[in-house]
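Using the sequences and the hints given, assemble the complete structure.
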Amino acid sequence: MTSYGQSAGEILDRIRKSKPVVHSITNYVVMNSTANVLLAMGASPIMAHAPEEMEDICRISSSLVINIGTLSKPWIESMHLAGRLAAVMKKPYLLDPVGSGATKLRTDTAVRLIESSLPNVIRGNASEILSLSPQGATTRGVDSVHSMEDAVDAARTVSRSLGTVIAVTGERDLVTDGERSLIVSGGHPLMGYVTGTGCAASVIIGAFLAEEKDSVVATAAALAFFGLAAERAAAVENKPGSFWIRVLDELYAVTPDELARKTRVSEA
Amino acid sequence: MTSYGQSAGEILDRIRKSKPVVHSITNYVVMNSTANVLLAMGASPIMAHAPEEMEDICRISSSLVINIGTLSKPWIESMHLAGRLAAVMKKPYLLDPVGSGATKLRTDTAVRLIESSLPNVIRGNASEILSLSPQGATTRGVDSVHSMEDAVDAARTVSRSLGTVIAVTGERDLVTDGERSLIVSGGHPLMGYVTGTGCAASVIIGAFLAEEKDSVVATAAALAFFGLAAERAAAVENKPGSFWIRVLDELYAVTPDELARKTRVSEA
Amino acid sequence: MTSYGQSAGEILDRIRKSKPVVHSITNYVVMNSTANVLLAMGASPIMAHAPEEMEDICRISSSLVINIGTLSKPWIESMHLAGRLAAVMKKPYLLDPVGSGATKLRTDTAVRLIESSLPNVIRGNASEILSLSPQGATTRGVDSVHSMEDAVDAARTVSRSLGTVIAVTGERDLVTDGERSLIVSGGHPLMGYVTGTGCAASVIIGAFLAEEKDSVVATAAALAFFGLAAERAAAVENKPGSFWIRVLDELYAVTPDELARKTRVSEA
Numbered sequence: 001m002t003s004y005g006q007s008a009g010e011i012l013d014r015i016r017k018s019k020p021v022v023h024s025i026t027n028y029v030v031m032n033s034t035a036n037v038l039l040a041m042g043a044s045p046i047m048a049h050a051p052e053e054m055e056d057i058c059r060i061s062s063s064l065v066i067n068i069g070t071l072s073k074p075w076i077e078s079m080h081l082a083g084r085l086a087a088v089m090k091k092p093y094l095l096d097p098v099g100s101g102a103t104k105l106r107t108d109t110a111v112r113l114i115e116s117s118l119p120n121v122i123r124g125n126a127s128e129i130l131s132l133s134p135q136g137a138t139t140r141g142v143d144s145v146h147s148m149e150d151a152v153d154a155a156r157t158v159s160r161s162l163g164t165v166i167a168v169t170g171e172r173d174l175v176t177d178g179e180r181s182l183i184v185s186g187g188h189p190l191m192g193y194v195t196g197t198g199c200a201a202s203v204i205i206g207a208f209l210a211e212e213k214d215s216v217v218a219t220a221a222a223l224a225f226f227g228l229a230a231e232r233a234a235a236v237e238n239k240p241g242s243f244w245i246r247v248l249d250e251l252y253a254v255t256p257d258e259l260a261r262k263t264r265v266s267e268a
Numbered sequence: 001m002t003s004y005g006q007s008a009g010e011i012l013d014r015i016r017k018s019k020p021v022v023h024s025i026t027n028y029v030v031m032n033s034t035a036n037v038l039l040a041m042g043a044s045p046i047m048a049h050a051p052e053e054m055e056d057i058c059r060i061s062s063s064l065v066i067n068i069g070t071l072s073k074p075w076i077e078s079m080h081l082a083g084r085l086a087a088v089m090k091k092p093y094l095l096d097p098v099g100s101g102a103t104k105l106r107t108d109t110a111v112r113l114i115e116s117s118l119p120n121v122i123r124g125n126a127s128e129i130l131s132l133s134p135q136g137a138t139t140r141g142v143d144s145v146h147s148m149e150d151a152v153d154a155a156r157t158v159s160r161s162l163g164t165v166i167a168v169t170g171e172r173d174l175v176t177d178g179e180r181s182l183i184v185s186g187g188h189p190l191m192g193y194v195t196g197t198g199c200a201a202s203v204i205i206g207a208f209l210a211e212e213k214d215s216v217v218a219t220a221a222a223l224a225f226f227g228l229a230a231e232r233a234a235a236v237e238n239k240p241g242s243f244w245i246r247v248l249d250e251l252y253a254v255t256p257d258e259l260a261r262k263t264r265v266s267e268a
Numbered sequence: 001m002t003s004y005g006q007s008a009g010e011i012l013d014r015i016r017k018s019k020p021v022v023h024s025i026t027n028y029v030v031m032n033s034t035a036n037v038l039l040a041m042g043a044s045p046i047m048a049h050a051p052e053e054m055e056d057i058c059r060i061s062s063s064l065v066i067n068i069g070t071l072s073k074p075w076i077e078s079m080h081l082a083g084r085l086a087a088v089m090k091k092p093y094l095l096d097p098v099g100s101g102a103t104k105l106r107t108d109t110a111v112r113l114i115e116s117s118l119p120n121v122i123r124g125n126a127s128e129i130l131s132l133s134p135q136g137a138t139t140r141g142v143d144s145v146h147s148m149e150d151a152v153d154a155a156r157t158v159s160r161s162l163g164t165v166i167a168v169t170g171e172r173d174l175v176t177d178g179e180r181s182l183i184v185s186g187g188h189p190l191m192g193y194v195t196g197t198g199c200a201a202s203v204i205i206g207a208f209l210a211e212e213k214d215s216v217v218a219t220a221a222a223l224a225f226f227g228l229a230a231e232r233a234a235a236v237e238n239k240p241g242s243f244w245i246r247v248l249d250e251l252y253a254v255t256p257d258e259l260a261r262k263t264r265v266s267e268a
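Chains as they are written, first to last, in my numbering: chain R, 1 to 268; chain W, 1 to 268; chain A, 1 to 268.
The hints are simulated quantities; they were obtained by calculation from the structure and are not laboratory data.
Every residue gets a Cβ at the ideal spot worked out from N, C-alpha and C, and that includes glycine.
Errors might be hidden in some of the hints.
The calculated DSS-like cross-link candidates involving lysine-lysine, where the alpha carbons are at most 27 Å apart (straight line), are [unchecked claim]: (1) R:Lys73 x R:Lys104; (2) A:Lys213 x A:Lys17; (3) R:Lys90 x W:Lys262; (4) W:Lys213 x W:Lys262; (5) A:Lys239 x R:Lys104; (6) R:Lys213 x R:Lys17; (7) R:Lys239 x A:Lys90; (8) W:Lys104 x W:Lys19; (9) A:Lys239 x W:Lys239; (10) W:Lys239 x W:Lys19; (11) A:Lys239 x A:Lys17; (12) A:Lys90 x A:Lys213; (13) A:Lys104 x W:Lys90; (14) W:Lys19 x A:Lys104; (15) R:Lys262 x R:Lys17; (16) W:Lys73 x R:Lys73; (17) W:Lys73 x W:Lys104; (18) R:Lys104 x A:Lys19; (19) W:Lys213 x W:Lys239; (20) A:Lys19 x A:Lys239; (21) W:Lys213 x R:Lys19; (22) W:Lys73 x A:Lys104; (23) W:Lys262 x A:Lys239; (24) A:Lys213 x R:Lys73; (25) W:Lys239 x R:Lys262.
Derived list of chain A stretches under chain W, where covered just means 3 residues or more per stretch with a C-beta under 8 Å from a C-beta of chain W [said to hold, decoys possible]: (26) 98-108; (27) 155-162; (28) 188-199; (29) 229-243.
Shown next, in the form of structure tokens:
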């Protein structure tokens, strides 16, 4: 067991005991599935987007997850408000920039959210993360990232220029604050045949951030936990519908001890 | 078989034969799962929130369920319109005040909906129901409700002051119109690890109200039906993802005869 | 193996290889399930409704599916914009007129969408399709369609008057461009106990349209594929919750060869 494994087990144990409230402003597609992810693992989801109740919701929440998957103007305003409230109330806040780089609206929204209230963690795939790079910080596109070393370099550059923890999820996951960089193994290719697995990773990180102040450690632990649940599910189900139901089962079933033993996190 | 069991079986039989249309204005998180609940049990869901079609929808519906889980201003206006139309067209109407008491917006919205068109039934957990108590009707908070007797007293007080049937769901469920009070047994702790189980209870009551004029009897029967389906599901699945899929299966499989025999409703 | 079977297998093979991006503007109830349908079968869903990103989304999409299940004014405007962009950019476009005929808002919205940008295919049940008939094109209501021959006649009339391919799904499915008319066998009555099966058929057609220019052939192939997956699911699961999960599994598992052999399409 590594010290990262031990930390991961301890954070999961705290989540199961304190059932932190994770506030999500997220896309319509994954609301049901990410609420189920949080409940299955032992956390408490709240989904709310009305500006009129944002302050009340922020006060009773332990962390905030903003996901820009199905944007519209009123929702963007609510996201800005929630981000600012999280900053003021010192609640950890994760941004999932779904589709940033694919449309101007998404890239602009992600960039402005980062400017108006810096998230503790930004999680995306490689192209989403590279799209957030301030002009000049990186001149390379996604296609030029050919190896894990290249990916680590690019993520570090984005992390340093934005001043926040970056998580790049893919075949292996990468977490960096610009100095420390961790590589997390786990997961399964079937995740690509189910909607909202990236969004699920984000809310799981949201729950871990609620119980661990070191954002790099919390993020790596959350990704190790999700990856382990997915691997266990894929060991018994090899098609996407049944696989996802089993992932929910495993998020409930994985114990802190198992997570501690099976976390595979290494320094990059 | 009690007379409550017999009624429950007869109502379920009528639902399976007439497939009543249940109109829901509900939260984004549970739309898919509550539509599946209604279809699996043999009813017909309609989800619609545009004011322009509210009158047409109300006319073809047999009952209305309003759930305030993910509010915004335009949706609140639609809820008021739907409630008033249900009153005018004499369609039974249930209110699910999700999160009332947790934010001012939710409490105010629930209270104003009750004022503008009195629901036939309000279903919530203990804290949601207590938050609806008119000032002075109860001075006790949720934490002071220590026994089923206390809960019955509190629910009766709210029911009398609002003039409507109250259903408080929890480990055991309680249904009261201020005079008659029924306790319904059933369900399983795994329901706490799945999103939308309370919302599912609400739409099932909505379907039962469409086929039974006595709201206390209809509500208790619906909760007995849902509790039985959950117990049967939990007998074969002990993790939340698989459990919920099995609940949908059992809502389809439970027969009116089985429901009649296994309904456990007692007078408080 | 018929030539229709061969075509169906070849289109599925192309989908699995090129993973076409299918843009949906759809109802809240089915967003999660139709995204999962597209991913399981090997396509790539995008859900987006903001007018600000519609042009960017249209540019990166291979086809468009508009579904009017939970309308509101801003969404109707986005649907018009997306339809016009699809016409300009020559992307195939399917309209699913959910509930047309049931409310004036839905009928009007469907009719106006057809006027503002003619879809390549319209898929609905018999009553939805008949509601789209221009005044006088058919004087018969749904109840007067007593046989498959009547249904073929009615669908042909609507197809000719609108100038687009019509798909009427039911116990057997019917696809016509006014000249050629195909009947597709497959499916299972359990589909009536799950929400969004019609909407699932629509997005599957959307994926097939992305890879086959002959809209009649693409639509019949898509319906044969969905029907085969449903039959295979129903062969092992006889209750709606488990059945639907298994349908997702089968959409992933059915091979192009199996589809080619088992497609049952006949000329009407």
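For each hint, the structure was consulted:
1. R:Lys73 x R:Lys104: Given pair lysine 73 of chain R, lysine 104 of chain R holds - Cα atoms ~14 Å apart, limit 27 Å.
2. A:Lys213 x A:Lys17: 17 Å, holds
3. R:Lys90 x W:Lys262: 51 Å, violated
4. W:Lys213 x W:Lys262: 22 Å, holds
5. A:Lys239 x R:Lys104: Violated - the C-alpha atoms of lysine 104 of chain R and lysine 239 of chain A are around 44 Å apart, more than 27 Å.
6. R:Lys213 x R:Lys17: Holds, at about 17 Å.
7. R:Lys239 x A:Lys90: 34 Å, violated
8. W:Lys104 x W:Lys19: 37 Å, violated
9. A:Lys239 x W:Lys239: OK: lysine 239 of chain A and lysine 239 of chain W at ~19 Å, within 27 Å.
10. W:Lys239 x W:Lys19: 31 Å, violated
11. A:Lys239 x A:Lys17: 33 Å, violated
12. A:Lys90 x A:Lys213: 11 Å, holds
13. A:Lys104 x W:Lys90: 22 Å, holds
14. W:Lys19 x A:Lys104: 23 Å, holds
15. R:Lys262 x R:Lys17: 21 Å, holds
16. W:Lys73 x R:Lys73: 14 Å, holds
17. W:Lys73 x W:Lys104: 14 Å, holds
18. R:Lys104 x A:Lys19: Judged against 27 Å, a Cα distance of about 23 Å means the pair holds.
19. W:Lys213 x W:Lys239: It is violated: about 37 Å lies between the C-alpha atoms, which goes past 27 Å.
20. A:Lys19 x A:Lys239: 31 Å, violated
21. W:Lys213 x R:Lys19: 40 Å, violated
22. W:Lys73 x A:Lys104: 24 Å, holds
23. W:Lys262 x A:Lys239: Holds - the C-alpha atoms of lysine 239 of chain A and lysine 262 of chain W are around 21 Å apart, at most 27 Å.
24. A:Lys213 x R:Lys73: 36 Å, violated
25. W:Lys239 x R:Lys262: Holds, at about 21 Å.
26. 98-108: holds (count 6)
27. 155-162: The restraint on the segment 155-162 of chain A is violated, since only 0 of its residues have a Cβ under 8 Å from chain W and three are required.
28. 188-199: That given contact holds, which follows from 5 residues of the segment 188-199 of chain A lying within Cβ reach (below 8 Å) of chain W.
29. 229-243: With 4 residues close enough to chain W, the hint holds.
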